[in-house]
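J.: Below are the chains, spelled out letter by letter.
Protein chains: 2
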Amino acid sequence: MKNMNASSDRLKESKEEFIAQWGALGTQWGINRTMAQIHALLMISPQSMCTDEVMEELEISRGNAHTNLKELVAWGLVRMVVIKGDRRDYYEAEKDVWQIFRIIARERKRREIEPALALLSKCAEETKGLKGEDARAFHKQVSELQDFVGMASHLSDRVAAMKHSFALQIASKLLG
Amino acid sequence: MKNMNASSDRLKESKEEFIAQWGALGTQWGINRTMAQIHALLMISPQSMCTDEVMEELEISRGNAHTNLKELVAWGLVRMVVIKGDRRDYYEAEKDVWQIFRIIARERKRREIEPALALLSKCAEETKGLKGEDARAFHKQVSELQDFVGMASHLSDRVAAMKHSFALQIASKLLG
DNA sequence: CATATTTTTCATAATATACTGAAAATACAG
DNA sequence: CTGTATTTTCAGTATATTATGAAAAATATG
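Protein sequences appear in the order of chains B and G. For the first sequence, the working numbering assigns the number 1 to the initial residue and increments by one for each residue that follows. For the second sequence, the working numbering assigns the number 1 to the initial residue and increments by one for each residue that follows.
Errors might be hidden in some of the hints.
Because identical chains share one entry, a pair is satisfied inside a single copy or across any pair of copies.
What the hints assert, rightly or not - Each computed BS3-like pair below joins lysine-lysine, with the alpha-carbon atoms no more than 25 Å apart: (1) Lys95 - Lys109; (2) Lys173 - Lys163; (3) Lys128 - Lys12; (4) Lys95 - Lys12; (5) Lys163 - Lys95; (6) Lys70 - Lys109; (7) Lys163 - Lys12.
No wet-lab data here; the hints were simulated from the structure.
Given the sequences, and given the hints that come with them, work out the whole structure.
T.: This is the structure we're talking about:
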């Protein structure tokens, strides 16, 4: 039994570090700490969890837990599940790595790429015919950015639409 | 002359909107608003600019201008240039789109991918041999994430090392 | 070296973001 | 309907991030 305890301590510690650090990383990724922590917690939880369990595990308020659980559901990273005989809402995380990647890629494209593209298109359009060295230079720079970001946007769609196995093939080819 | 003025007004407006919006976008990208605005300003400026010009154009304080110019130089998105007969430091932006992409990709990899990979490797390592259903599940999930993020890291390096033309070829193939 | 100009630093202020706790709304069982 | 469990909202508070402005340090000039 001594072994058993040491071993389950190791697991517990590792899980806790994972959750804490994944939360800190979330900040860099533009998601807030709590949301990332909840995501980590659910990702490594064998069972689905209810709001109170999440609150207790992460020592956060009900409002905070609720808001971020809803946000995760809105992203599609977490699903609500019903456990019969229990009135509470339970939550479980999407665990498939490729699926997680696609969801995050979609969201980041929406927040980071699409608004940039809209801006660049507008500026390129507005200054299309203008004469003068300055105007030309501005239009050129903006157009180049537009082309690049536009291509990135398309690529992102294509990759996200791929099956995992096919994406792996391409990745291997690039790395090999 | 009427035309000339209308036309240069259009240009000025478009430039100002570009700067303002690019700044707002910066926030989404994890860089602060001012840094993104200065970058935008220098990117579309035909000449290099000194700190005072940047301050005046964006209506920001000296400290703010200074800090963010230094940060942009540290990233490699902006270079300091010397103008003879002038004691002040002048700055000009990198304008090549592919180069800009590489610099940003490098920085984001450093901030977003590498720490994640380190965490995942640590957690995978710590729980490698552990018995028990929970431990196995944790190890599996973490290892899958590790594999995926590791591959993303390599891919990022490979793409950033490519010549623009070659990257374009690959992109075309994927889009075609 | 004395002075003028420019750069850098940093304590304080302003702003933006996230969290709490409790009240309001809703769902359910008896 | 009434009481209880659960979810949702939100005003107030706390935390973290950015910006200011003035003073200090560094640098150039004659």
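J.: Take the hints in turn and mark each one as holding or not.
T.: Hint-by-hint comparison with the structure:
Proximity of Lys95 and Lys109 under a CA criterion of 25 Å is satisfied in both settings, with 21 Å inside one chain copy and 23 Å between copies. When the C-alpha separation of Lys173 and Lys163 is checked against a cutoff of 25 Å, the pair qualifies both within a copy, at 16 Å, and between copies, at 17 Å. Taking the shortest Cα distances, Lys128 and Lys12 sit within 25 Å of each other only across copies (14 Å), while inside one copy they are farther apart (60 Å). Taking the shortest Cα distances, Lys95 and Lys12 sit within 25 Å of each other inside one copy (19 Å), while across copies they are farther apart (49 Å).
For a Cα distance limit of 25 Å, the shortest separation of Lys163 from Lys95 inside one copy, 16 Å, qualifies, whereas the shortest one across copies, 36 Å, does not. With identical chains, the CA atoms of Lys70 and Lys109 are at most 25 Å apart within one copy only, with a shortest distance of 21 Å there and 29 Å across copies. Within a single copy, Lys163 and Lys12 get their C-alpha atoms no closer than 34 Å, and across copies no closer than 46 Å, so neither meets the 25 Å cut-off.
Hint 7 alone, counting from the list given before, is not met by this structure.
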